[in-house]
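So the sequences go chain by chain: A and B.
If you're matching positions, the first sequence starts at 1 in our numbering and goes up one per residue.
If you're matching positions, the second sequence starts at 1 in our numbering and goes up one per residue.
Think of the hints as simulated: they come from the structure by calculation, not from any bench.
Because the structure is a prediction, the values reported are computed rather than measured.
Among the hints, erroneous ones may be present.
Same chains, same names: a pair is fine if it fits in one copy or spans any two.
To be verified - Here are the simulated BS3-like cross-link-like pairs (lysine-lysine), alpha carbons at most 25 Å apart as the crow flies:
#, residue 1, residue 2
1, 107, 156
2, 85, 156
3, 107, 60
4, 107, 204
5, 85, 212
Protein chains: 2
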Amino acid sequence: MENYDAVVKLIVEALQANLTTDKKDIAEEIPVGISNRHIHLSQADLNQLFGEGYQLTKIKELSQPGQYACKEMVTVCGPNGAIEKVRVLGPVRNKTQVEILEGDCYKLGVTTLTKLSGDLQGTRGITIIGSKGSVQTTEGLIVAQRHIHMTTEDAKHFGVYDGQVVSIQINSLRGGIYNNVVIRANDTSALECHIDTEEANAMKVDSLTKIKLIK
Amino acid sequence: MENYDAVVKLIVEALQANLTTDKKDIAEEIPVGISNRHIHLSQADLNQLFGEGYQLTKIKELSQPGQYACKEMVTVCGPNGAIEKVRVLGPVRNKTQVEILEGDCYKLGVTTLTKLSGDLQGTRGITIIGSKGSVQTTEGLIVAQRHIHMTTEDAKHFGVYDGQVVSIQINSLRGGIYNNVVIRANDTSALECHIDTEEANAMKVDSLTKIKLIK
């Protein structure tokens, strides 16, 4: 028992590191959605990849109203390599957008910008392969910036506004704080914080983890 | 220019989120080492995998004195899948230890504990395939807990002790704070914070990024 004090000290420190939000209001916790790499297609690119007039096949509703995962998958190809089985999300959008992980950049041999979905200015394109053809896009390859979807009502509740940059705190075994999380508030959103699989793995977050918003 | 105030507010917030350590003492910054999945082998397992009396082939010195990357690679196999080209690090150790990424667990079909290197109690084994044979280990599969190597002199400088749990702050575009980082102080270490590739990617850290220790 000669190490008793040292052990107690270590345990207290570990608890302090993990439980700094012990006093948090449970109502402030936000569910988390974890995104793997995926693609949103324009109808023109969908036609090119899967055939003229092709319609996406919904297989699963996503948490954001109107959004869904599709049966269709594509291959994304860069100068150094390809990533197969990249899931298409529906419905079709005005512009094609490919959302990859930071780690995918090495495999593809590209550098990307960290951008909010829909903000494609300055981004590069990539080659996409479907069952009937391929497309070389001129923009739209991004690593998604982490963000929190919410209604304007939620935004009032949390005291934040659409576009505000906040932080999130995660109290897991590998927990911590992510900065530069953007609030996306409108009247068609469900409350959910979106991070990608690398961000989730780095803090050992799963679909049951709740996060806390920090202003 | 009607959005001028809103734009200024957004920029100020983004800067505040990123630059909260503007006043940091530059001498407090710590270099970062990013680890991909890798394996340390016992001589018995090395013999089984590559042939009796096999000696590792050093190809690159690592930052920690006496540690090196080897030419040899193995395949790691779990119930759901295999990961090829896992780099062997030398020299041989008393016990074989396989350090994978959290994301590898899904591919292999296993769950692991987040552990400090060398602390294998309670961990599970895995199948390892070499050029001359395979080994089914009974323990040693871990996701490495992030840690900071330093000398006891460094520890005095930072006001920390071996085994202490601290946090690290990263000021990148996707920056934030990781909690539960363990100090590993002894007289044969070089000052370096070790995180894995998912942790690096999640905060857009590269080998030039400096991190700040937070107690």
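Check residue 85 against residue 212 for me: Cα-Cα at most 25 Å, and say if that holds within a copy, between copies, both or neither. neither (33 Å within a copy, 39 Å between copies)
Since the copies are identical, ignore which copy is meant and state whether residue 107 and residue 156 lie within 25 Å (CA to CA) inside a copy, between copies, both or neither. neither (42 Å within a copy, 41 Å between copies)
Are the CA atoms of residue 107 and residue 204 at most 25 Å apart within a copy, between copies, both, or neither? both (23 Å within a copy, 16 Å between copies)
Go through the copies and call it for residue 107 and residue 60: within, between, both or neither, with a Cα cutoff of 25 Å. between (28 Å within a copy, 22 Å between copies)
Between residue 85 and residue 156, at a C-alpha cutoff of 25 Å, which is it: within one copy, between copies, both, or neither? neither (40 Å within a copy, 51 Å between copies)
In summary, the numbered hints that this structure violates are 1, 2, 5.
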